[in-house]
Amino acid sequence: MRRVSVTLCALVLLLAGWTKAAQAQFTILTVSGNPAPFNVSTAVAGSDPTTLSSSGLTYFLKSKHPAGPTQVTAQLDSPMPAGTTLTLTMNIPATQGTSVGPVALDATPRAILINVDKVNGNTYGMTYTFAATAAAGVVPSQTRTVTLTMSTQP
Amino acid sequence: MLIKTARTAAAAIALTLLAIPAVQAQTATQTVTFAVNAINQIAFVGTPSLTITTAVAGSAPTSVTDASSTWAVTCNQTGAKISANIPLAMPAGLTLSANLAAPAGATSASYQALGTVAVDLVTGITKLAQGSLAATYKLDATAAAGVVTTATRVVTYTISGGV
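Listed in order, the protein sequences are those of chains U and D.
For what it's worth, my numbering labels the leading residue of the first sequence as 1, then goes sequentially.
For what it's worth, my numbering labels the leading residue of the second sequence as 155, then goes sequentially.
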């Protein structure tokens, strides 16, 4: 009887470990790298400085979690300077999630992708844009860290 | 006893299988580098033409103006100015002047005679982007200038001085 109990307990622990391992593989989010620096130096007279966009960036996403759809949020480590805007767009097929569209980033988590589900490990495009108004003035070179977080959708 | 233990274990297994955990947050980070350089951009639209044809008896020929031109500016610095000059002096007795409407917060010098030495037309341009501003030209002539055949002057505008 004792042997049976031990065996069953071991089985329970094994299953618990399996669910943890499986959980770790349900969701994966990685990015291809950093965007090239945005250096704004031109404008059409009468209009704000020319907006710049990144190119060639991608992200890899896997989201097949039984707990339901997931979402991806983005957050800066500190706000952008006054008069400047950093926006992010993450593309995803409509059958696998919803892209909120260009979202202005700040120090608060902002939903970029919602209702993400049944993505069996695919790579999609993502684009940053940087815009500045004339009122922003001259902005010396600086950086922001963008943290992308994939989590269960509330 | 064995059956009870087995039931307990089976229940534990079932709970383990059913207790689907919430997604543990997955994160990825990117570093974004950005800068905005000094930008001072102006543009002018229009091909003004000025012809003096009349006078009031006893006075100099009647001055004419042309307000068909506009200008635009983008400046992300402080205290920039716009000056203008022409490559060749005007014929004797003729004066070509320009008057640029000031964008918000800046100051126009009103009509200023143009010559080969640059003159300031607008000062105090600070961090703005504005278009469709009036650019007006005026031609004055004295009787002593006589009849002057058609001539052209290229007016060069320069924005400078911002910090």
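By construction, these hints were calculated from the structure, which means they are not laboratory data.
All values derive from a computational prediction rather than experimental measurement.
Hints should not be assumed to be uniformly reliable.
As the list claims (entries may be wrong) - In silico lysine to aspartate or glutamate, EDC-like type, Cα no more than 20 Å apart, as pairs:
{"hint": "1", "chain 1": "D", "residue 1": "Lys235", "chain 2": "U", "residue 2": "Asp117"}
{"hint": "2", "chain 1": "D", "residue 1": "Lys292", "chain 2": "D", "residue 2": "Asp220"}
{"hint": "3", "chain 1": "U", "residue 1": "Lys64", "chain 2": "U", "residue 2": "Asp117"}
{"hint": "4", "chain 1": "D", "residue 1": "Lys292", "chain 2": "D", "residue 2": "Asp274"}
{"hint": "5", "chain 1": "U", "residue 1": "Lys62", "chain 2": "U", "residue 2": "Asp117"}
{"hint": "6", "chain 1": "D", "residue 1": "Lys281", "chain 2": "U", "residue 2": "Asp117"}
| message | Flag every earlier hint the structure violates by its number, smallest first. | response | 1, 6
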